[in-house]
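**Q** Take a look at the letters that make up each chain.
2 protein chains.
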Amino acid sequence: MNRVTKLFGIDYPIIQAGMIWCSGWELAAAVSNAGGLGLIGAGSMSPVLLRAHILKCKETTDRPFGVNIPLLYPCVEQTMQVIADEGVKIVFTSGGKPDLWTSFLKDKGIKVAHVVPGAKYAAKCEAAGVDAVVAEGFEAGGHNGREETTTLCLIPRVRETVKIPLIAAGGITGGRAMLAAMVLGAEGVQLGTRFVASLESTAHIDFKQKVLECAEGGTVLALKKLAPVRLLKNKFCAEVMELESRGATPEELSALLGKGRAGKGMFEGDMENGELEIGQAASLVKEILPAGDIVRKVWNEYLRAVEEIKRNC
Amino acid sequence: MNRVTKLFGIDYPIIQAGMIWCSGWELAAAVSNAGGLGLIGAGSMSPVLLRAHILKCKETTDRPFGVNIPLLYPCVEQTMQVIADEGVKIVFTSGGKPDLWTSFLKDKGIKVAHVVPGAKYAAKCEAAGVDAVVAEGFEAGGHNGREETTTLCLIPRVRETVKIPLIAAGGITGGRAMLAAMVLGAEGVQLGTRFVASLESTAHIDFKQKVLECAEGGTVLALKKLAPVRLLKNKFCAEVMELESRGATPEELSALLGKGRAGKGMFEGDMENGELEIGQAASLVKEILPAGDIVRKVWNEYLRAVEEIKRNC
Numbered sequence: 284m285n286r287v288t289k290l291f292g293i294d295y296p297i298i299q300a301g302m303i304w305c306s307g308w309e310l311a312a313a314v315s316n317a318g319g320l321g322l323i324g325a326g327s328m329s330p331v332l333l334r335a336h337i338l339k340c341k342e343t344t345d346r347p348f349g350v351n352i353p354l355l356y357p358c359v360e361q362t363m364q365v366i367a368d369e370g371v372k373i374v375f376t377s378g379g380k381p382d383l384w385t386s387f388l389k390d391k392g393i394k395v396a397h398v399v400p401g402a403k404y405a406a407k408c409e410a411a412g413v414d415a416v417v418a419e420g421f422e423a424g425g426h427n428g429r430e431e432t433t434t435l436c437l438i439p440r441v442r443e444t445v446k447i448p449l450i451a452a453g454g455i456t457g458g459r460a461m462l463a464a465m466v467l468g469a470e471g472v473q474l475g476t477r478f479v480a481s482l483e484s485t486a487h488i489d490f491k492q493k494v495l496e497c498a499e500g501g502t503v504l505a506l507k508k509l510a511p512v513r514l515l516k517n518k519f520c521a522e523v524m525e526l527e528s529r530g531a532t533p534e535e536l537s538a539l540l541g542k543g544r545a546g547k548g549m550f551e552g553d554m555e556n557g558e559l560e561i562g563q564a565a566s567l568v569k570e571i572l573p574a575g576d577i578v579r580k581v582w583n584e585y586l587r588a589v590e591e592i593k594r595n596c
Numbered sequence: 284m285n286r287v288t289k290l291f292g293i294d295y296p297i298i299q300a301g302m303i304w305c306s307g308w309e310l311a312a313a314v315s316n317a318g319g320l321g322l323i324g325a326g327s328m329s330p331v332l333l334r335a336h337i338l339k340c341k342e343t344t345d346r347p348f349g350v351n352i353p354l355l356y357p358c359v360e361q362t363m364q365v366i367a368d369e370g371v372k373i374v375f376t377s378g379g380k381p382d383l384w385t386s387f388l389k390d391k392g393i394k395v396a397h398v399v400p401g402a403k404y405a406a407k408c409e410a411a412g413v414d415a416v417v418a419e420g421f422e423a424g425g426h427n428g429r430e431e432t433t434t435l436c437l438i439p440r441v442r443e444t445v446k447i448p449l450i451a452a453g454g455i456t457g458g459r460a461m462l463a464a465m466v467l468g469a470e471g472v473q474l475g476t477r478f479v480a481s482l483e484s485t486a487h488i489d490f491k492q493k494v495l496e497c498a499e500g501g502t503v504l505a506l507k508k509l510a511p512v513r514l515l516k517n518k519f520c521a522e523v524m525e526l527e528s529r530g531a532t533p534e535e536l537s538a539l540l541g542k543g544r545a546g547k548g549m550f551e552g553d554m555e556n557g558e559l560e561i562g563q564a565a566s567l568v569k570e571i572l573p574a575g576d577i578v579r580k581v582w583n584e585y586l587r588a589v590e591e592i593k594r595n596c
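As you go down the protein sequences, you meet chains A and B in turn. Going by the working numbering, the first residue of the first sequence is number 284, and it counts up by one from there. Going by the working numbering, the first residue of the second sequence is number 284, and it counts up by one from there.
I should point out that these hints are in silico values taken from the structure, not numbers from a laboratory. Any given hint could be a false lead.
Since the list can't tell identical chains apart, any single copy or any two copies may satisfy a pair.
Derived lysine-lysine pairs resembling DSS-like cross-links, with alpha carbons at most 27 Å apart [what the hints assert, rightly or not]:
#  : residue 1 : residue 2
1  : K507      : K518
2  : K407      : K516
3  : K491      : K372
4  : K446      : K569
5  : K569      : K516
6  : K403      : K491
7  : K593      : K289
8  : K518      : K593
9  : K491      : K389
10 : K507      : K389
11 : K407      : K569
12 : K569      : K403
13 : K516      : K403
14 : K518      : K403
15 : K593      : K580
16 : K518      : K339
17 : K289      : K491
18 : K508      : K446
19 : K542      : K446
20 : K391      : K580
21 : K569      : K542
22 : K580      : K446
23 : K508      : K518
Next up, chain A with everything else stripped away, as it sits in the complex (with noise of 0.2 Å):
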C-alpha cells in the first residue's frame, strides 16, 4: 500500500494509460479486474461513445476504473459531463492547463491525476488541486513535452519539486523499470505500450505486430513544429521526416498530417498511411499478452527485483 494505491482504490501502483484508439472499456476492465487501474482513452470517443464504453465498464467491473480526457480535444465539456452524469470516480487528464477543469472534476468527488513533461507543470497541478501527477518522459508513445526530457532526468525533478503522489511514465514495460522509477521518486507507474499490445487493446491486430517487430530506434519524436507526437516509423512517419527535414512549415506539416490518421493506423489498421503512437519501450515488448497477466507478470517481477536487491546489495 503507498499514496497512489491508496488514492485508487487499487491493489498494485500499475496503471493503464488511457491511449487513444486502444484504450476501450475491455482493456480497461482487465485491468482493474486484475488490481490495477484501467483507463478508458476518451481521446478518440465521441462523449456518446464514450458513455457505452464507461456502462460496459462498469458491467464488467466492480474496481475502479477511470477515464483519460485529452483537455485539447473538442468535445471536452460534453465529455466532462458525460463522466459527471455517470458517476466516474478517476480522471487522468493531460494537454491543456490542470486548473481548467480540477475543480469541476474534485467539486464532484472525483480523483484527478494531470499528465506533464516538466517539473515548472507539476506545481501548477500541485498548485491547482490535482490529487496526483503523472510525469512522462521522452521516451513515451503519443503526445509528448517539447523538453524532450527523459523518464529517468524528469521523475527526481518532479519529486523534489510536487508533494503530491507522483506517477512515471515513459519507457516503462516491466516490473524492473517499475522499480527503477520507484527508486527514483515515483510512487506508480503508467504503462501504455505494454498495454497496446494486449489481448483486451483496441489496437488493429497488425498494429500490435508492428509494436512486437519494434527494434531500438523504430520510433522518432516528431511533427516538433506541430505538437511533438511520437510516432512508430512506417511510410507516413518517413513523409513527416522527409518534410521536417526540409525545414517544413507548420501548414505544410499540417497539410500532410489531415485529419484522421490516428484512427486510420492504430484501430483500422493502415501501417503505411496511419498514425501509429507507439513509446520507444516497443523494443522491449515481446509478446501479445491478456491485460491481467500483464499487470501481475509486471508486479511479480517488481517483487523479484527488489529480492534482487534485498539479497545482492
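Add chain B to chain A, keeping to what the hints say.
**A** Below, chain B without anything else, positioned relative to chain A:
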C-alpha cells in the same frame, strides 16, 4: 564488489566520463583517489599533452585510472601509442568501431570499455572482445546516438543482448539514478555532467556556473545531420536550431559549426559562441564540489536508496 569494480580494481562502480576539455589529470586522479574510476579525456588533447596528463596522473594517484579516446579523433594512432608507451591500464573508446583498436590494446594487457548508444553496437563490442560496454542514453551530453534511445529503454535492451559487464551512462548524477540503473541491469555507472561541475574539472568556471543554472529543457540534441550532439542552449545553439528549423544542409551546419567551438566554449569560457556539451541531468546538478566528494556522495546516496528499498518494499 561486482564485475565492474573487479575488472578495473576500484572500490565503487562509479566512473567519471572522459569529457573533452573538462577531464584532465586533476579530475581523473581525484576520482580515482576517492575509489571511483577517473578517466583522462584524450579527445581534446594532442598526444604530447596527453602524455603530460598521464604522467601527472600517475604521480597523483596510485589507484587505477584510464584514458577515454573518441576513435574518430584524427590523432588516434599516436594517442594509442602514447597510451601503450606509458603503460595505461584502462582505455574507454567511443565513436567508431570497437574492433578497430581492441586487440591492439588487449594484446598489451589493457582493459577496454567501449561506449555505445544501442544494443546492436553492444553486440559488436562483445564480438570484438571488449571487456565492458558503456551504454549511453539520449539524455547524455556531447555526442550521442541517432536512435535517441533513452537510458531507461537502453539498459534493459543491452542487458538482454550481451553478457559482458554493463555500465550505464546518460542522465545519472546521483545515487538514486545509480540504483535505478543497477536495477535495470547495469553493474556500474558513468557520470559526465556531474563531474563537469566539480572543482577539479578543467571546464571554464562560467561553464560550470551555466551547468548549475540549467533548467529542464535547457539542453537539446542538435546537429543531427552531422553527428548528433547534446548542447546547452546558448546563442550558438540557437543559431544551429534556427538553421535546422529552416532545413539547412549538412554543409551549412558544418560552416556554422566551424572549428574549435567546443574548446572556445567549455574551456575558454565563451558562453555565447562556444559549443557547450552537457547532459539533460544538468537540471539536477546544484553545486560545484570536489570530485572525491561527488564519488562519496553518490555512493552514500546509493547505499541509502538500497536501505530504503530494504525497509519499505
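**Q** If a hint holds in the structure, say so; if it doesn't, say that too.
**A** Checked hints:
Both within a single protomer and between protomers do K507 and K518 lie at most 27 Å apart by alpha-carbon distance, with minima of 18 Å and 21 Å respectively. In this assembly of identical chains, K407 and K516 lie within 27 Å of each other by CA distance solely across copies; the values are 24 Å between and 34 Å within a copy. In this assembly of identical chains, the alpha carbons of K491 and K372 never lie at most 27 Å apart, being 30 Å within a copy and 48 Å across copies at closest. With identical chains, the CA atoms of K446 and K569 are at most 27 Å apart between copies only, with a shortest distance of 20 Å across copies and 36 Å within one.
Proximity of K569 to K516 under the C-alpha cut-off of 27 Å is restricted to the intra-copy arrangement: shortest distance 18 Å within a copy versus 38 Å between copies. For a Cα distance limit of 27 Å, the shortest separation of K403 from K491 across copies, 23 Å, qualifies, whereas the shortest one inside one copy, 35 Å, does not. Taking the shortest alpha-carbon separations for K593 and K289, both the intra-copy value of 25 Å and the inter-copy value of 21 Å come in at or below 27 Å. In this assembly of identical chains, K518 and K593 lie within 27 Å of each other by CA distance neither inside one copy nor across copies; the values are 47 Å within and 48 Å between.
With identical chains, the CA atoms of K491 and K389 are never at most 27 Å apart, being 36 Å at best within one copy and 45 Å at best between copies. For the identical chains of this complex, K507 and K389 are neighbours neither inside a copy (33 Å) nor across copies (45 Å), given an alpha-carbon limit of 27 Å. Taking the closest pair of Cα atoms, K407 and K569 come within 27 Å of each other only across two copies (23 Å); inside a single copy the shortest separation is 37 Å, beyond that limit. Proximity of K569 to K403 under the C-alpha cut-off of 27 Å is restricted to the inter-copy arrangement: shortest distance 17 Å between copies versus 35 Å within a copy.
When the C-alpha separation of K516 and K403 is checked against a cutoff of 27 Å, the pair qualifies only between copies, where the shortest distance is 18 Å, while the shortest distance within a copy is 31 Å. In this assembly of identical chains, K518 and K403 lie within 27 Å of each other by CA distance solely across copies; the values are 24 Å between and 36 Å within a copy. Taking the closest pair of Cα atoms, K593 and K580 come within 27 Å of each other both inside a single copy (20 Å) and across two copies (21 Å). Taking identical chains as interchangeable, the C-alpha atoms of K518 and K339 are never at most 27 Å apart, the minima being 36 Å within one chain and 55 Å between chains.
Taking the shortest alpha-carbon separations for K289 and K491, neither the intra-copy value of 32 Å nor the inter-copy value of 43 Å comes in at or below 27 Å. In this assembly of identical chains, the alpha carbons of K508 and K446 never lie at most 27 Å apart, being 33 Å within a copy and 41 Å across copies at closest. Proximity of K542 to K446 under the C-alpha cut-off of 27 Å is found in neither arrangement, the shortest distances being 40 Å within a copy and 47 Å between copies. Taking the shortest alpha-carbon separations for K391 and K580, neither the intra-copy value of 35 Å nor the inter-copy value of 47 Å comes in at or below 27 Å.
Taking identical chains as interchangeable, the C-alpha atoms of K569 and K542 are never at most 27 Å apart, the minima being 31 Å within one chain and 45 Å between chains. Proximity of K580 and K446 under a CA criterion of 27 Å is satisfied inter-copy only: 24 Å between copies versus 29 Å inside one chain copy. In this assembly of identical chains, the alpha carbons of K508 and K518 lie at most 27 Å apart whether taken from the same copy (19 Å) or from different copies (21 Å).
The structure fails to meet hints 3, 8, 9, 10, 16, 17, 18, 19, 20, 21 from the earlier list, while all remaining hints are met.
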